[in-house]
Each structure stands twice: as C-alpha cells, then as structure tokens.
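J.: Listed below, chain by chain, are the residues.
There are 2 protein chains.
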Amino acid sequence: MRYKQVIVVRKDLKISCGKMAAQVAHASLEAAELVKNRDHKLYRGWKQEGAKKVVLSVESEGELFEVYRRAQELGIPSVLIRDAGLTEVPPGTPTAVGIGPDKEERIDRVTGRLKLYK
Amino acid sequence: MRYKQVIVVRKDLKISCGKMAAQVAHASLEAAELVKNRDHKLYRGWKQEGAKKVVLSVESEGELFEVYRRAQELGIPSVLIRDAGLTEVPPGTPTAVGIGPDKEERIDRVTGRLKLYK
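Protein chains in written order, with my numbering: chain A, 1 to 118; chain B, 1 to 118.
Identical chains share a label here; the pair holds if one copy fits it or two copies do between them.
Simulated crosslink set (SDA-like; lysine to any residue; CA at most 25 angstroms straight-line):
#	residue 1	residue 2
1	52	113
2	52	84
3	11	63
4	103	83
5	47	16
6	103	30
7	14	114
Keep in mind the hints are simulated off the structure, nothing from the lab.
With the hints as constraints, model all of the structure from the sequences given.
T.: Here's what the structure looks like:
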C-alpha cells in the first residue's frame with residue numbers, strides 16, 4: 001500500500017514562501033489529526049512509510065473550493081484552512097486545503113491533474 | 001498564556017517553495033506529536049489559541065544544528081528533519097527544525113534573533 005497526504009495552496013495569493021509554508025503546516029496537521037481519529041491504522045501506515053506529503057497548487061479561490069468539495073464528496077478526510085493571522089491578505093481568506101493521508105490512488109482522483117507548487 | 005510553534009528552515013538550500021513547505025509540514029507535525037504525547041494540556045491550549053506557527057530561517061546547516069541543540073538543551077520538544085524524498089538535494093540533507101509548541105518566551109530564547117523566512 002502507498003499512502004500520501006496532499007496539500008493544495010492558492011498560487012494567486014501574493015504571500016511569502018514562509019507564510020504559505022505556515023498555511024501548509026496548518027492544513028497538514030489538521031487533516032492528519034482527522035485521519036488519526038478516524039482510521040488509526042491508515043494513519044500509522046502512512047507514518048511508517050515516511051508520511052509522504054506533496055504540495056500542489058491552484059490558481060484561484062474557486063478552484064480551491066472545488067478541490068475541497070470533491071475530496072468531501074469522495075469521503076476523503078480533508079480540511080479547508082482560512083487564516084486569521086495573516087497580515088498579507090484579509091482575515092478569513094481561504095489559503096489551503098489538506099487532504100488525507102489516504103491511498104495514493106484515492107487522492108489522485110481529486111488532485112491528479114494539479115501542478116506542483118513551485 | 002501565549003503559545004507558539006516555530007519551524008526553522010535553511011535558506012541556503014536551493015529548493016522550491018513547495019518542497020520547503022512540505023519540509024515545514026514534516027517538522028510541524030513531528031514536533032506537535034511530541035508535545036501532544038508529553039504535555040496534552042499545553043498542546044490543547046496551543047490549539048485553542050489557533051495553533052500559531054511561525055517559519056524562520058537560518059543560513060546554513062551549522063546554524064540549523066545549533067538551533068536544534070539549543071532547543072534540546074532547554075528541554076523544549078523539538079525535531080530535526082532530514083528528508084529522504086527530495087530530488088533537489090542529496091538524501092539525508094537536514095532541512096528544518098520543528099520547535100514546540102511551547103510558551104512564546106521559552107521558544108524566543110532559542111529563536112528570538114532569527115529572521116522570518118520570506
């Protein structure tokens with residue numbers, strides 16, 4: 001079995017690499033805790049494989065919502081992050097979605113066509 | 001009480017923003033789990049305050065080790081991340097340190113003089 005977690009971020013937000021990394025960490029931790037509580041065996045398997053995390057990007061808020069909606073539709077544990085503490089964008093701006101960990105092929109049904117966040 | 005988690009990354013590594021964000025997420029999750037297991041009350045307090053995360057930078061591997069050593073010396077739960085899965089640097093390269101969550105002033109004794117990761 002191969003597991004991964006995917007974090008999707010908005011490329012259209014003009015925030016620094018470091019601020020976006022903090023958003024990614026929020027999404028990763030929140031989604032990981034969901035999975036840990038729902039399916040501890042899967043969580044442990046993911047960790048034992050090295051807790052693979054991949055960061056992908058979308059171009060807009062609308063695309064971010066669409067990714068989140070699709071993950072929810074497939075029943076993959078996922079979280080939408082809106083950060084209150086950012087000084088670079090209005091409070092409550094949606095910044096990232098954390099998806100899984102889950103089986104790679106399940107997550108690819110949601111994010112398979114998205115590009116790596118460079 | 002104010003809590004935070006700090007993640008320190010190496011600015012001298014020429015890896016993309018997205019790859020570094022994944023390293024930050026590794027460091028954040030590993031350090032958070034340490035704290036959750038050692039001091040659940042503190043962990044819960046940090047989450048209730050919004051799970052503040054700050055990403056700072058150093059200029060070299062030596063400085064990263066020094067930050068990690070200092071956190072350990074003060075007894076602050078911390079992790080050193082070496083990523084095996086990076087294609088952009090040699091396997092095992094130390095990339096990031098995750099520190100806490102812990103009280104802000106305790107963490108500032110380790111990272112107070114470091115710059116924000118831009």
